[in-house]
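Visitor: Line by line, the protein sequences are chains A and B.
Count the first sequence with this note's numbering and you get residues 1 to 426, in order.
Count the second sequence with this note's numbering and you get residues 1 to 426, in order.
Please keep in mind that the hints were generated in silico from the structure rather than gathered at the bench.
Please read these numbers as outputs of a predicted model, since none were measured by experiment.
For glycine and all other residues, C-beta sits at the position ideal for the given N, C-alpha and C.
Treat the hints with care, since some could be wrong.
Some chain B residues close to chain A (C-beta under 8 Å, calculated; not the full set) [claimed, not checked]: (1) Ser-57; (2) Leu-100; (3) Leu-142; (4) Ala-144; (5) Ala-410.
Number of protein chains: 2
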Amino acid sequence: MTEPDARPHVVIVGGGFAGLWATRALADAPVRVTLVDRRNHHLFQPLLYQVATAGLSAPDIAAPLRHILRKQRNVEVRLGEVVGLDPGARTATLADGEALRYDYLLLASGATHAYFGHDEWAGDAPGLKTLDDALAIRRRLLLAFERAEACDDPDERAAWLNFAVVGGGPTGVELAGTLAEIARHTLRREFRNIDPAQARVRLIEAGPRVLASFPESLSRKARWQLERLGVEVVTGTPVTAIDAHGYRLGEAFEAARTVLWAAGVAASPLGALLEAERDRAGRVRVAPDLSVPHHPEIFVAGDLASVQQDGKPVPGVAPAAKQMGAHVARAIRARLAGRTAPAFRYRDYGNLATIGRMAAVVDLHGLKLSGALAWWFWLAAHVFFLIGFRNRIIVLVNWAWAYWSYQRHARIILGGADAEAPRDDR
Amino acid sequence: MTEPDARPHVVIVGGGFAGLWATRALADAPVRVTLVDRRNHHLFQPLLYQVATAGLSAPDIAAPLRHILRKQRNVEVRLGEVVGLDPGARTATLADGEALRYDYLLLASGATHAYFGHDEWAGDAPGLKTLDDALAIRRRLLLAFERAEACDDPDERAAWLNFAVVGGGPTGVELAGTLAEIARHTLRREFRNIDPAQARVRLIEAGPRVLASFPESLSRKARWQLERLGVEVVTGTPVTAIDAHGYRLGEAFEAARTVLWAAGVAASPLGALLEAERDRAGRVRVAPDLSVPHHPEIFVAGDLASVQQDGKPVPGVAPAAKQMGAHVARAIRARLAGRTAPAFRYRDYGNLATIGRMAAVVDLHGLKLSGALAWWFWLAAHVFFLIGFRNRIIVLVNWAWAYWSYQRHARIILGGADAEAPRDDR
Numbered sequence: 001m002t003e004p005d006a007r008p009h010v011v012i013v014g015g016g017f018a019g020l021w022a023t024r025a026l027a028d029a030p031v032r033v034t035l036v037d038r039r040n041h042h043l044f045q046p047l048l049y050q051v052a053t054a055g056l057s058a059p060d061i062a063a064p065l066r067h068i069l070r071k072q073r074n075v076e077v078r079l080g081e082v083v084g085l086d087p088g089a090r091t092a093t094l095a096d097g098e099a100l101r102y103d104y105l106l107l108a109s110g111a112t113h114a115y116f117g118h119d120e121w122a123g124d125a126p127g128l129k130t131l132d133d134a135l136a137i138r139r140r141l142l143l144a145f146e147r148a149e150a151c152d153d154p155d156e157r158a159a160w161l162n163f164a165v166v167g168g169g170p171t172g173v174e175l176a177g178t179l180a181e182i183a184r185h186t187l188r189r190e191f192r193n194i195d196p197a198q199a200r201v202r203l204i205e206a207g208p209r210v211l212a213s214f215p216e217s218l219s220r221k222a223r224w225q226l227e228r229l230g231v232e233v234v235t236g237t238p239v240t241a242i243d244a245h246g247y248r249l250g251e252a253f254e255a256a257r258t259v260l261w262a263a264g265v266a267a268s269p270l271g272a273l274l275e276a277e278r279d280r281a282g283r284v285r286v287a288p289d290l291s292v293p294h295h296p297e298i299f300v301a302g303d304l305a306s307v308q309q310d311g312k313p314v315p316g317v318a319p320a321a322k323q324m325g326a327h328v329a330r331a332i333r334a335r336l337a338g339r340t341a342p343a344f345r346y347r348d349y350g351n352l353a354t355i356g357r358m359a360a361v362v363d364l365h366g367l368k369l370s371g372a373l374a375w376w377f378w379l380a381a382h383v384f385f386l387i388g389f390r391n392r393i394i395v396l397v398n399w400a401w402a403y404w405s406y407q408r409h410a411r412i413i414l415g416g417a418d419a420e421a422p423r424d425d426r
Numbered sequence: 001m002t003e004p005d006a007r008p009h010v011v012i013v014g015g016g017f018a019g020l021w022a023t024r025a026l027a028d029a030p031v032r033v034t035l036v037d038r039r040n041h042h043l044f045q046p047l048l049y050q051v052a053t054a055g056l057s058a059p060d061i062a063a064p065l066r067h068i069l070r071k072q073r074n075v076e077v078r079l080g081e082v083v084g085l086d087p088g089a090r091t092a093t094l095a096d097g098e099a100l101r102y103d104y105l106l107l108a109s110g111a112t113h114a115y116f117g118h119d120e121w122a123g124d125a126p127g128l129k130t131l132d133d134a135l136a137i138r139r140r141l142l143l144a145f146e147r148a149e150a151c152d153d154p155d156e157r158a159a160w161l162n163f164a165v166v167g168g169g170p171t172g173v174e175l176a177g178t179l180a181e182i183a184r185h186t187l188r189r190e191f192r193n194i195d196p197a198q199a200r201v202r203l204i205e206a207g208p209r210v211l212a213s214f215p216e217s218l219s220r221k222a223r224w225q226l227e228r229l230g231v232e233v234v235t236g237t238p239v240t241a242i243d244a245h246g247y248r249l250g251e252a253f254e255a256a257r258t259v260l261w262a263a264g265v266a267a268s269p270l271g272a273l274l275e276a277e278r279d280r281a282g283r284v285r286v287a288p289d290l291s292v293p294h295h296p297e298i299f300v301a302g303d304l305a306s307v308q309q310d311g312k313p314v315p316g317v318a319p320a321a322k323q324m325g326a327h328v329a330r331a332i333r334a335r336l337a338g339r340t341a342p343a344f345r346y347r348d349y350g351n352l353a354t355i356g357r358m359a360a361v362v363d364l365h366g367l368k369l370s371g372a373l374a375w376w377f378w379l380a381a382h383v384f385f386l387i388g389f390r391n392r393i394i395v396l397v398n399w400a401w402a403y404w405s406y407q408r409h410a411r412i413i414l415g416g417a418d419a420e421a422p423r424d425d426r
C-alpha cells in the first residue's frame, strides 16, 4: 500500500545491535528504511546465558523490532531472510522470492557458532546465539538432573551429572559459573536420589587462560572466582572429539551427557554472498568507512565486519556493533549530502564479564575490578543498557528475587520435554 | 538410594491442581508419595490464555513441581509418563520401563483437547492445554500479522487477518477477547502495510449462548462485552469443517489462516487403562469417595473424574480439582486409620470468567457482577491463587504494565519462527 517513494531506499539486514542502531540513527534522514530480520525481535544478547540457565524468561531480554521502531515512520520492518544479493542490480532477494531494490545496503547479520571443521559436534554440543538456542540449552540442563534422579546405574548417573562447557571466553565463563551455582544452590534439597551439588562442571579452554581478551591479572582472578563457585577450569588442552556419550580431552575420554559449546563463532553466511575479501572467520574486510571495497553503497557492521584499528581487530562486542551501526548511518547521510564518509573509529570504554553471584571482572583501562564490586558494576551497566523500560523493571525484580532466594524462576522445561522422549535425545 | 520403606506407597499421577493438592494434603501422613508427571512443572492453567496471547511469559504461570514440594520430605517427584496400569499387581508402568508398585493410586492426569471425531482438524485448529500449546498459538497469532504485512494479494491478506475461535466457553471467550484487544490496541501503529485493527475476530459457539455454565443474564452481558471489544460472536451454528485455508460455518466457507480450538475436552487417555465405566467424554465414573468401583485403592480426581452431585456433574474447574485432590488425601488417611472414607462433596463458591481489559463476569450465587468490577474481582482472585510468591509479584508487575500501556511484553516468536518457514506451515 506504500506509494512510489522518491526517497533513497536503505535496506538493513539484521536487527541486532549494529542494524538497530543504524536504523535509529537514520530516523530523521531523507531516506526510507527497510529493516529485514529472520526473527521478529531484537535480542539483548549479553543476557542470553541467563535465559539458558533459567534465570530469565525469553521475553525478558527481547523486544519486538516493530514495537521498538513503531514511532519511526520512515522504517518498515520485514520478517524475512535474505537469500541472495545482486550488487549489480542492487537487489536483495528474500526467501519468499521478493527482491528488495536498495540504494544503500547494510549487512549486519552477525555471527553464528563455529565448530572448527567439526560440524558433526553441533548436535551434541549446542551453542548459544538465539533465544531458541537458549531454551534448548535450558531444557537439556534441567533434563540432565531429571535423568540422573531417575537412573539406577551409577556410571550413567555420573554421566548425567557431568557437565562441560567448551570455550573460556565470556559466554563460556558465564555458563559454567551459573551452572555451578544452579547445582550447588538452586537445586539443593529438591532431589531425593541424587545430590545436585555432586555435579561436575568443567570449563575447558584450549588456550592458556580464560577471558583471553582481558589483562592477565583479571584472567587469574576470573579463574579463582570460578573455582570458588565449584567450576573445574582446564586450560591449555583442546577438546578433540564430542559425541552423545561424552568428549575427548587430550587423550582421555570423559563420559558426559551435557556438553555446551562456547568456543567459536563464524560470521553469518550472508557475507559469502558478497564478492569481497573475508578473513578466516568469514568476516568481510571493509574499507575504513565500513563500506565494501568497490561497492561504496554496501556497508557491513557488527560481528560480520572485520575491522582493524591500531593493528588490532575491533572486538565482536555489543558496544562495537552499536558504534558501527551508528557510523554507517552517518556515512549514508554524508554520501547523500555529497560529502565523503568519515572513517570509523572504535571507542573502547572497557570490558566486562560476569562469572556468577557477586563474581565478575571489569577492565576500564587502568581501573581493574573483580569480585562483588565488579559484579555490581556489571549489573548496573547491563540493566541500564537493556532496551525497553518494562524489561528493565522486570529483569531487576527477577534478579532481586534470584539474588535473595538463590532461586531461578524460569526452570520450566518447554518444547517436547515429555519424559517419553528417548533418553538419547540429546 | 532410598532404603526399603515400610510406609504405604501412594503413587499420584499428574501434578495439576488435583494431584498437587492431594500430594500436599498428605504431607504429614504416614505414607511415602511418588508424584509422576510428564512435565516438570505445575501449571496455573487459568492464565494459560495470557501466555498464548503474549501477555505473560511461560515461566510466569508455572513452577517446577520439585521446587514446590522441596520441603515435603515424604514426596519423590518423578518426571515420567505412565503407560500401563496393572490393578491386580498394583503397579503403574512408566515409559522408561520402570514399574512403580503402589498401595494407593491417584489418577489425576486431567483432560486434553477433543475434536468430536475430527482429529484431522487438530493441525489446523490448535487447542490450549499446555505451555507448549500456548507458545505454538502465540507464534501462530504473531506470524499471521507478519504474513499479512508481507503479502500483496488482498484476498490472502484478508485470510491472514481473519481469526476464528471455536467454542464459547471460558477459554474461547478469553482468547477471542484478548485477540481483539491485541489487534485494536497492542499492534496499533506497528505495521506499515496493514491496519491490524481491520482484523476480524470471530467467536463461534454451536450452542445458543456463550459461557453456557453461567446464568443467562451473564451470558448476555459477556456477549455484549465481547462485541464492544470488537469480537463478532456467532451462536447456534456449528463449524462443520476446518483445513489449512479456513473453515466451514454452516454452509459458508470462510477463508481464514488462524483457527483456534476451544470447543471440546476429553479426559486423559489414562482413564482407559482402568477397567472402569467411563462417561461420553472418557471420564471415569467414580464412587462417592472418588475411588474406582471394585478398586478401593485406586482414586480418580480432577478433570479425569466424572462426579455427579445433586443430579448435576461437578464442573471441570480448578477449585473442584483442588477439592477432589484434598478429599482423596483424606480418604487415604481414613483407610489407613481403618475408617470408611467419607463421600466427596463439592463446594461451589462461584464462577468467574474474564473477557478482556476491564471486562469479566462473576457469578457468586445471587451476586452477579459484570464489567470492570467483575474484572477487578477476577484479577484479585487469580493473582491470589497463583502459586509461588515470586510469580505473583511478577505477574502483577506485568499486568500493571500491560494495563497502563496496552502493551504485551511477550510478543516474541520462538521455535523455528524463521521467515523461511513455508507459508503453509500452519
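Visitor: Quick check on the hint: Ala-410 (chain B) CB to chain A CB, less than 8 Å?
Guide: holds, 4 Å
Visitor: How about Ala-144 (chain B): closest beta carbon in chain A under 8 Å, or not?
Guide: violated, 11 Å
Visitor: Quick check on Ser-57 (chain B) please, does its C-beta sit within 8 Å of some C-beta on chain A?
Guide: Constraint on Ser-57 (chain B) satisfied, holds at 4 Å.
Visitor: Hint check: is the beta carbon of Leu-142 (chain B) less than 8 Å from a beta carbon of chain A?
Guide: At 6 Å from the nearest chain A Cβ, Leu-142 (chain B) passes the 8 Å test, so the hint holds.
Visitor: Would you check whether Leu-100 (chain B) satisfies its interface hint, that is, whether its CB is within less than 8 Å of any CB in chain A?
Guide: Because about 11 Å separates Leu-100 (chain B) from the closest Cβ in chain A, which is outside the 8 Å limit, the hint is violated.
The structure fails to meet hints 2 and 4 from the earlier list, while all remaining hints are met.
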